[in-house]
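Could you slot chain B onto chain A? The hints should help.
Going line by line, the protein sequences match chains A and B. The first sequence: position 200 = 200 (our numbering), numbered continuously. To get our numbering, take the position in the second sequence, counting from 1, and add 1000.
Wrong hints could be hidden among the right ones.
[Stated by the list, open to error] Here are the simulated lysine to any residue pairs, SDA-like style, with alpha carbons at most 25 Å apart:
1) B:Lys1027 - A:Leu168
2) B:Lys1027 - A:Arg174
3) B:Lys1027 - A:Ser104
4) A:Lys61 - A:Trp228
5) A:Lys139 - B:Glu1077
6) B:Lys1158 - B:Glu1077
7) A:Lys139 - B:Gly1048
8) A:Lys17 - B:Ala1209
9) A:Lys17 - B:Leu1205
10) B:Lys1315 - A:Tyr102
11) A:Lys15 - B:Leu1205
[Said to hold, decoys possible] From chain A, some residues computed to sit far from chain B (all C-beta separations above 10 Å):
12) Gly64
13) Glu65
14) Gly67
15) Ala71
16) Arg106
17) Thr125
18) Val169
19) Gly172
20) Lys194
21) Thr195
22) Ile201
23) Phe227
24) Ala247
25) Leu275
26) Ile278
Derived by calculation from the structure, the hints in this document are not laboratory data. Virtual Cβ for every residue (Gly too), placed ideally from N, Cα, C.
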Amino acid sequence: MRKSSGRADNHDWRKIKNALASTGTFVSAVLVIAPLGLVFFHLLVNGASSVNWDFFTHLPKPVGEAGGGMANAIVGSLELLAIAGVIGIPVGVLGGVYLAEYGSARINSIVRFLADVLNGIPSITWGVVVYGLVVLRFKSFSAYAGGLALGLIMIPLILRTTEEVVLLVPNGYREAALALGVSRWKTIVHIVMKTASKGIITGILLALARVGGETAPLLFTAFGNRFWNHSLSQPIAALPLQIFTYAISPYDDWHRQAWAGALVLVTGVFCVNVLVRILTRGRAASVV
Amino acid sequence: MSLAAQVLIEERFVRERMAPPSRFGDKAFQWLTMAMAMAVVVLVILTGWQLWRGSSLTVEKFGFHFLATSTWDPVAEQFGALPFIYGTLVSSLIALLIAVPLSIATAVYLTELAPLWIRQPLVSLTEMLAAIPSVILGLWGIFVMVPWLRDYPFPFLKHYFGWIPLFTGPIYGPCMFAGGIIIAIMILPIITSVSREILRSVPDLQREAAYGLGATRWEVTRIAVLSYARKGLFGAVILGLGRALGETMAVTMVIGNTPQIAASLFKPGYTLASVIANEFTEATTDIYLGALFEIGLVLFGVTILVNLVAQFLLKTMTTTTSATRAVQ
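Looking at chain A on its own, in the form it has when it is part of the complex:
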């Protein structure tokens, strides 16, 4: 009698523990996501009122004057991304293709490993390296230097995603093309890369969204600029840089502008992420 009731207690206790674990881990999940909601909420509350037509079309006003915008920083960011893309996309995509199509197991494991190492080092390191390579040599901060720093960050990111999606292309496709007498490189370019293009583009977009929000590598490469940039060998403004400068300034007007800039930047980054999600819908289920 006693023994069986003890067992029942034990059973209840186990059920309670189970419920506790479910609740506890659920609360953790909520806590993990909470900052996302909070950041969004405050961005809207503090930034939405300052995002207007002027923000996208005007230069920053001097301290003390209200209004003005970040037109130069928005355009600057796009220019930097373009330079970064010119450097990062071809190297990343073709490097990834090499790993998937040609590389021997040994070379692949080394390159893959080093790419992961590069992905892990702090982004500010790139700023320091590019400063040494470009800024010191040409004695000037420049859009080229900033774009190069961002481009270098993109290389390992794109390389790894490209390799992965190219590996997912079924071998039958390659064999069919080769059997028709198509040369190997044409098979890779026209059949394999074309089949994997959605995944490759996804990787490129994610890399662009990632470096588009980077500030640290730009601090002493692109440097920032309060005016329009007229030459790529001159310092250039970038949205994240401008947000940083304004956020740590002591002026309320600038703080408002920083919130507005942050709202614009986050919206841009999230749009890309949503686009990627739409692009990859269905693929995730079938291949990954």
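For chain B alone, coordinates are given in the frame of chain A:
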């Protein structure tokens, strides 16, 4: 035209058509892609070399004292990086203490305990958190998180736990503790997603065996899943540590940027990455610049080492692709 001549022409025609295509395109493409893949190797070497060269001046002048002394006085040209190393370690440690339990619990919830319909939306949300740029989290940190911490949790901690040296002294707002919390937020998504990948790689046979013994869901998780995945989860934590050490913008904005070694977490601190971010453009003398390059070199060396350990732990646990997919 004679028949023989015609045959000859035909034969030549056929031979030309059937000739194996030129291998030039193939070779060129292979070399091109190989050069691009090798760019990664070159980059690693270039980075190491550039940082080493940039810091040669201070390496010669200060040697190991650079890492072991705590005077940072650019005017007197005295450079010791100890306060920054201390700040980096302490803020990362705080971040891990907060982020590790939360993200592993979240990963467990997402793979083992949550109802199926809620999993995908939650996963998407954690990925969205990872997409927030560091500078924006810093902005939120300065204007929302730090004032809130200063007004509510910090006085509470000071009042009830003030007898611990960690929670003594005046509360300014920007401080080591705030820095640790912001880093925690930044590394939550990566530890969560890598842990999730690890837990998903635990074979279902493990779970089925435990269920077969009559275990509850939580018991299955604890006995069959978590203990099996221990090593991989440790790898996820180390990977998070690697990110924490190198976090720059958000930390710079909330940690207070004062090179000091203080017991109290309410005192401002400084990290390796922050000092580079703040002082690099101000470095007017060669030796000052060299000191900052050397800090970059230290950061580079340490993060590589930490990532090596993490990769090793993860590799023994899962296939490389699934783990690195989560990393990205």
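Against the structure, the hints:
no. : hint                  : result
1   : B:Lys1027 - A:Leu168  : holds, 24 Å
2   : B:Lys1027 - A:Arg174  : holds, 17 Å
3   : B:Lys1027 - A:Ser104  : holds, 16 Å
4   : A:Lys61 - A:Trp228    : holds, 13 Å
5   : A:Lys139 - B:Glu1077  : holds, 23 Å
6   : B:Lys1158 - B:Glu1077 : violated, 38 Å
7   : A:Lys139 - B:Gly1048  : holds, 22 Å
8   : A:Lys17 - B:Ala1209   : holds, 20 Å
9   : A:Lys17 - B:Leu1205   : holds, 23 Å
10  : B:Lys1315 - A:Tyr102  : holds, 23 Å
11  : A:Lys15 - B:Leu1205   : holds, 23 Å
12  : Gly64                 : holds, 21 Å
13  : Glu65                 : holds, 22 Å
14  : Gly67                 : holds, 20 Å
15  : Ala71                 : holds, 19 Å
16  : Arg106                : holds, 13 Å
17  : Thr125                : violated, 5 Å
18  : Val169                : holds, 15 Å
19  : Gly172                : holds, 21 Å
20  : Lys194                : holds, 15 Å
21  : Thr195                : holds, 17 Å
22  : Ile201                : holds, 15 Å
23  : Phe227                : holds, 18 Å
24  : Ala247                : violated, 5 Å
25  : Leu275                : holds, 12 Å
26  : Ile278                : holds, 12 Å
In summary, the structure is inconsistent with hints 6, 17, 24 from the numbered list given earlier, while agreeing with the others.
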